[in-house]
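Q: Those protein sequences? They're chains R and C, same order as listed. Just so you know, we're using the working numbering here: the first sequence kicks off at 39 and counts up by one. Just so you know, we're using the working numbering here: the second sequence kicks off at 24 and counts up by one.
Be a bit skeptical, because a hint or two may be false.
Partial pick of chain R residues on the chain C-facing surface, computed with a CB cut under 8 Å [claimed, not checked]:
#1 Gly56
#2 Ala58
#3 Ser59
#4 Arg66
#5 Trp69
#6 Gly70
#7 Arg74
#8 Tyr77
#9 Ala83
#10 Ala85
#11 Ala86
#12 Gln91
#13 Phe104
#14 Trp125
#15 Asp157
#16 Thr176
Hints were generated in silico from the structure; no laboratory data involved. Built from N, CA and C at the ideal position, the CB exists for glycine as well.
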Amino acid sequence: MAGAGRDERAWVRRAQAGSASDFEALFRAHWGAAYRAAYLVVRDAAAAEDIAQEAFLAAVRALDRFDRKRPFGPWLHRIVVNRAIDWARARALRPEAEEVDAPAPERPERDEELLRELDRLTPEHRAVIVLRYLLEYTPGEIAELLELPRGTVNSRLRRGLDSLKDRLE
Amino acid sequence: MKDFRAPNEEQAAERSWDVVHAAYETREPVAWPRRHWRPLAVGAVAAAAVAAVLSPPGRSVVHSLRKAVGVEHAETSLFSLPGRGRLLVSGPSGTWIVRADGSRRRLGDYQTATWSPHGIFIAATHGNELATLDQKGNVHWTLSRRAPRFPAWTGSFTDTRIAYLAGRKLHVVAGDGTGDRVIDRAAPVAPVWRPGLGYVIAYARGSTVIVRDVVTGAELLRKGSDIRPRKLAWSSDGKLLLVFKPYATRVYDLHGKVVAQDDPSDATFDRDAAFVPGTHRALAIRAAGGGSQVFSLYDGRSVFRGTGVFRQLVFSPDGRWLLITWPTANQWVFVRSQPRKIVGAARISNQFGGYPRVASWCCGR
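Only chain R is shown next, with the shape it has when bound in the complex:
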């Protein structure tokens, strides 16, 4: 994981002591993955930015209580992915007729295809795919992060991958 290890523990320790530069190092190390994960689940850049930002604000509020022995990334990603799933579910319940996202930069065709096919999955399926293949958590870690049985994670991964494979092939 980005920023994992001794550097990250040192950043957390010094950020707890009030070092803004170390807190910034922590933010820079984790922002990209948090934002991408949120974006892949919600597929809305503004919402993804809010979700990632709120996760970091939660980190600020919890910083003094944070256990430095534990890695920061999984803690942050749990917040990001759970909020992203909630947001995507809520939007599914009240679809917005004229939702227009910010114009996306040109992307490789493969990325566009992947995004289109991810859109067809449910937020729950997207979340496990993102945790597994973007953030590279193991199924066991995903189960812990999302508080799901391991079997459920495996089946969501399997079904999600099958669905993507069928459409991308």
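Chain C: place on chain R using the hints.
A: Below, chain C alone, put in the same frame as chain R:
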């Protein structure tokens, strides 16, 4: 999927960093297990401010920040500095020198840096190393210490000292890298040398500000408080000390008497403050709602205001130009008071690999 990039990652990161950084700056680290009512009260205020940002109306403010903000007709890049001298800036991509003609030189992967007293050399920190460099980035000497930060360099052409923090201690080393010694325990706040003769330094220990002569060891001033300062600054003549805190900024004379102060209301807080060079006047950045304004601590006169977050105030050495860093707009704004003129430079983060902090503006009198 590992190679996937979401839209506008960098801009989103800079916008969010401003909000998150503001929340971080206004939090009070809790000294567990001891609790004091004041930090908790301040924490509650900070939480309320964050909650305001996160509430639906507050969020709409955040959304509104994503619309275009900044100085109209800003230059599309930093083509030159409006005043003389050169800037030293540090950001995610390291430390850079920016010259008056706008040329930039990256010195290396340094996190904090400062000019030597006459702007010839640079002291900088990286990892577990304090280093001095020339302006081409050639290293003169290095000193291995645990996570050194905030170097501050003072002295004459023949005898200089560099103060810095390592761990929770304030160190001082001679300008040639010899004689490093610990002066005192210190909080993570940049120490500042008093201008003029001698080696007198102001630093924070916990929430107390101490002024000490590092040659004699004599403590010249001690000002306690419940809240740790965020920044210390001397007036050019070394007669006044500014102790910046987001909720309670004070300017002290050498006897410890308060000569100016600012106590923002609960709904607002200050982000930075700085003396106007050659004067006893200080300006501060006040954050309120979705905007920021720069105002005089003495008479409250507003100097500049805008939408979003202003981060830093940095004066040109002659005091004629004020640089306001404006990450929300991804701009630097240069303001001259007499005659009034405003110059903007856009796309700052693109030029420095992320939005940088300005260490100082040096040597252009």
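Q: Each hint: holds or not?
A: Consistency of the hints with the structure:
Interface hint at glycine 56 of chain R: satisfied, since its Cβ lies 5 Å from the closest Cβ of chain C, which is below the 8 Å cut-off. The interface hint given for alanine 58 of chain R is met, as the beta carbon of that residue sits about 6 Å from the closest beta carbon of chain C, less than 8 Å. Annotation: serine 59 of chain R was flagged as interfacial toward chain C, and the flag holds, the nearest CB pair being 6 Å apart, inside 8 Å. Interface restraint check: arginine 66 of chain R against chain C, minimum CB-CB distance 6 Å, threshold 8 Å, status holds.
Because the beta carbon of tryptophan 69 of chain R sits about 5 Å from the nearest beta carbon in chain C, less than 8 Å, this interface hint is met. Checking glycine 70 of chain R against chain C: minimum C-beta separation of about 6 Å stays under 8 Å; hint holds. With a cut of 8 Å, the hint placing arginine 74 of chain R at the interface with chain C holds, because the nearest CB-to-CB distance is about 5 Å. With 8 Å as the threshold, the beta carbon of tyrosine 77 of chain R comes within range of chain C, its nearest partner Cβ sitting at about 4 Å, so the hint holds.
For alanine 83 of chain R, the interface hint holds, the least distance from its beta-carbon to any beta-carbon of chain C being 5 Å, beneath 8 Å. The beta carbon of alanine 85 of chain R is not positioned within 8 Å of any beta carbon in chain C (closest approach about 11 Å), and the interface hint is therefore violated. The closest approach between the C-beta of alanine 86 of chain R and any C-beta of chain C is roughly 6 Å, which is under the 8 Å cut-off, so the hint is satisfied. Interface restraint check for glutamine 91 of chain R: the shortest CB-CB distance to chain C comes to about 4 Å, inside 8 Å, so the restraint holds.
Taken as an interface hint, phenylalanine 104 of chain R does not check out: its beta carbon lies about 12 Å from the nearest beta carbon of chain C, beyond 8 Å. Using the Cβ-Cβ criterion of 8 Å, the hint placing tryptophan 125 of chain R at the interface with chain C is not satisfied: the shortest such distance is roughly 13 Å. Because the closest C-beta pair between aspartate 157 of chain R and chain C is about 14 Å apart, greater than 8 Å, the hint is violated. Hint on threonine 176 of chain R is violated. Least Cβ distance to chain C is approximately 15 Å, over the 8 Å limit.
Checked against the numbered hints above, the structure violates hints 10, 13, 14, 15, 16; every other hint is satisfied.
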